Amino acid sequence: MEPVLEAWELCKRYEGFSLSKVSLTLLPGTILGVFGPNGAGKTTLIKLLSGLFPPDSGEVRLFQLAYDDHEREIKDRLGYCPQEPPFYPDYTLVETARFAAPFYSRWDGALLYELLDRFRIPAHKKFRLISPGQKTLFSLALALCHHPDLLLLDEPAAGLDDANRRFLLDTLRAFAGDGEKAVLISSHVSDGLDEVVEQVLFIGAGKTLLAAEKEELLARWKWVHFRDNALDKALTAKLTAIRRHPFGSAGLCQDFPALREKLSGAMAAGDVRIENARLSDVLIQLTQGG
Amino acid sequence: MFITLSAASPEPMYKQITDQIRDAVASREIGSGAKLPSIRELSEALKTSVITVKRAYLDLEAEGCILSRPGLGSFVAAVDPAQLRERKIGEFRGELTRIVRTGAKFAIGADDLVQLIRDIEEEQNGTRS
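Chains R and U are the protein sequences, given in the same order.
For the first sequence, the working numbering assigns the number 1 to the initial residue and increments by one for each residue that follows.
For the second sequence, the working numbering assigns the number 291 to the initial residue and increments by one for each residue that follows.
Keep in mind the hints are simulated off the structure, nothing from the lab.
Nothing here was measured: the structure is a model prediction, and the numbers come from that model.
Be careful, since some hints might not be right.
Quick list of in silico lysine to aspartate or glutamate cross-link-like pairs, DMTMM-like style, CA-CA up to 25 Å [to be verified]:
#1 Lys262/R / Asp409/U
#2 Lys47/R / Asp194/R
#3 Lys305/U / Asp271/R
#4 Lys395/U / Asp409/U
#5 Lys305/U / Glu411/U
#6 Lys262/R / Asp401/U
#7 Lys214/R / Asp178/R
#8 Lys207/R / Asp194/R
#9 Lys262/R / Asp232/R
#10 Lys337/U / Asp194/R
#11 Lys337/U / Glu275/R
#12 Lys305/U / Asp228/R
#13 Lys337/U / Glu213/R
#14 Lys135/R / Asp232/R
#15 Lys207/R / Asp255/R
#16 Lys233/R / Glu319/U
#17 Lys305/U / Glu275/R
#18 Lys378/U / Asp409/U
#19 Lys337/U / Asp178/R
#20 Lys47/R / Asp76/R
#21 Lys238/R / Asp281/R
#22 Lys126/R / Asp90/R
#23 Lys47/R / Glu275/R
#24 Lys325/U / Asp255/R
#25 Lys21/R / Glu213/R
#26 Lys207/R / Asp281/R
#27 Lys337/U / Asp281/R
#28 Lys262/R / Asp370/U
#29 Lys325/U / Asp271/R
#30 Lys378/U / Asp271/R
#31 Lys262/R / Glu411/U
#32 Lys233/R / Asp271/R
#33 Lys337/U / Asp191/R
#34 Lys214/R / Asp117/R
#35 Lys325/U / Asp349/U
One-sided excerpt, in silico: chain R residues whose CB lies under 8 Å from chain U [to be verified]:
#36 Arg227
#37 His245
#38 Pro246
#39 Gly248
#40 Arg273
By construction, the Cβ of each residue, glycine as well, lies at the ideal position given by its N, Cα and C atoms.
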């Protein structure tokens, strides 16, 4: 299976910030979530991947093609939603769509207006007059309506209400579900998007902190709640982010399968309880933990 | 006392608290007359709201498990251990019903289950001694 998107050791340096050696591979049928705190470099990464500017070093390929000599073909097959859609504020949505259509070989105007209908966005309004959430949805509808093979969405859930967020997640699942296409989404809040992603890439301060399959990651990272004195020093030392209180303590373990047997006695006695960690727990530990 | 709250549990938070405090009383982990943590203290430790803990304490008080003395705090009541044991047996009945029904699907009968329980008990005694 050929990757839809590949990046090798991407570096980009600005004044006061540098993205260093971020690599990733996105196979058909997968949804990758790029998570990191504010200022981690998510948007820079997505801009590099979408060919807005070239990396200082490293290489990007979409559909096995490089921007240098296949920019037009790549952009025809790419649906990119920037964090702040760069549309003319005084154009109506219809005018904006008419402007964009000629750039795409698979433009599907009927699909666009079907989506705008579903989002209840008036197509004859000027772009600057619709709400921030509607701007996000409009940008998403434009990205979807030329039947791309890859979606790059920068903070797509920002400003969406619960119903539209659910619609976004269902849409992404269906999009990648045909097994041929792929999605990359970024967010500074993983909660809410974690259910839809299969691969995660955590970045912080411009560097890769962790890249993994979500299920594998969550099988290893667990919250261990324990009665005081139920765990010996060696076991407690395997936990991080320990929170103590008079009614039991809790810590995050990074490799539950390795601890399971040692904990099984205390678990059977009810002195230890295990709970699933969330992606946000892992990310916070990776960015702020010791 | 060991209390944890699980966001993944279908049981509401206040019920998770009442169940765990009642169990601690029933298993004599906290004896009658012992002082319970204050509502504020428990809500801070469990990272839940004061209202949730208050609700749990009111329920425990209503069933006679704890006593609240205004200005002094909440205390474990002089509960009848037999009554709490009875209640626990009721809970076991619910859990066992599920196990017995599942067993029936796989031709695992009461005798097999009793044997299993004896084995487990033996194992536990073995590891303890």
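How the hints compare with the structure:
no.	hint	in the structure
1	Lys262/R / Asp409/U	holds (21 Å)
2	Lys47/R / Asp194/R	holds (22 Å)
3	Lys305/U / Asp271/R	holds (19 Å)
4	Lys395/U / Asp409/U	holds (22 Å)
5	Lys305/U / Glu411/U	violated (29 Å)
6	Lys262/R / Asp401/U	violated (31 Å)
7	Lys214/R / Asp178/R	holds (20 Å)
8	Lys207/R / Asp194/R	holds (21 Å)
9	Lys262/R / Asp232/R	holds (10 Å)
10	Lys337/U / Asp194/R	holds (23 Å)
11	Lys337/U / Glu275/R	holds (16 Å)
12	Lys305/U / Asp228/R	holds (23 Å)
13	Lys337/U / Glu213/R	violated (30 Å)
14	Lys135/R / Asp232/R	violated (54 Å)
15	Lys207/R / Asp255/R	holds (23 Å)
16	Lys233/R / Glu319/U	holds (24 Å)
17	Lys305/U / Glu275/R	holds (18 Å)
18	Lys378/U / Asp409/U	holds (22 Å)
19	Lys337/U / Asp178/R	violated (42 Å)
20	Lys47/R / Asp76/R	holds (16 Å)
21	Lys238/R / Asp281/R	holds (16 Å)
22	Lys126/R / Asp90/R	holds (5 Å)
23	Lys47/R / Glu275/R	violated (37 Å)
24	Lys325/U / Asp255/R	violated (38 Å)
25	Lys21/R / Glu213/R	holds (20 Å)
26	Lys207/R / Asp281/R	holds (19 Å)
27	Lys337/U / Asp281/R	holds (15 Å)
28	Lys262/R / Asp370/U	violated (37 Å)
29	Lys325/U / Asp271/R	holds (22 Å)
30	Lys378/U / Asp271/R	holds (18 Å)
31	Lys262/R / Glu411/U	holds (20 Å)
32	Lys233/R / Asp271/R	holds (16 Å)
33	Lys337/U / Asp191/R	holds (18 Å)
34	Lys214/R / Asp117/R	violated (34 Å)
35	Lys325/U / Asp349/U	holds (17 Å)
36	Arg227	holds (4 Å)
37	His245	holds (4 Å)
38	Pro246	holds (6 Å)
39	Gly248	holds (4 Å)
40	Arg273	holds (5 Å)
The structure does not agree with the numbered hints 5, 6, 13, 14, 19, 23, 24, 28, 34 stated previously, though it agrees with the rest.
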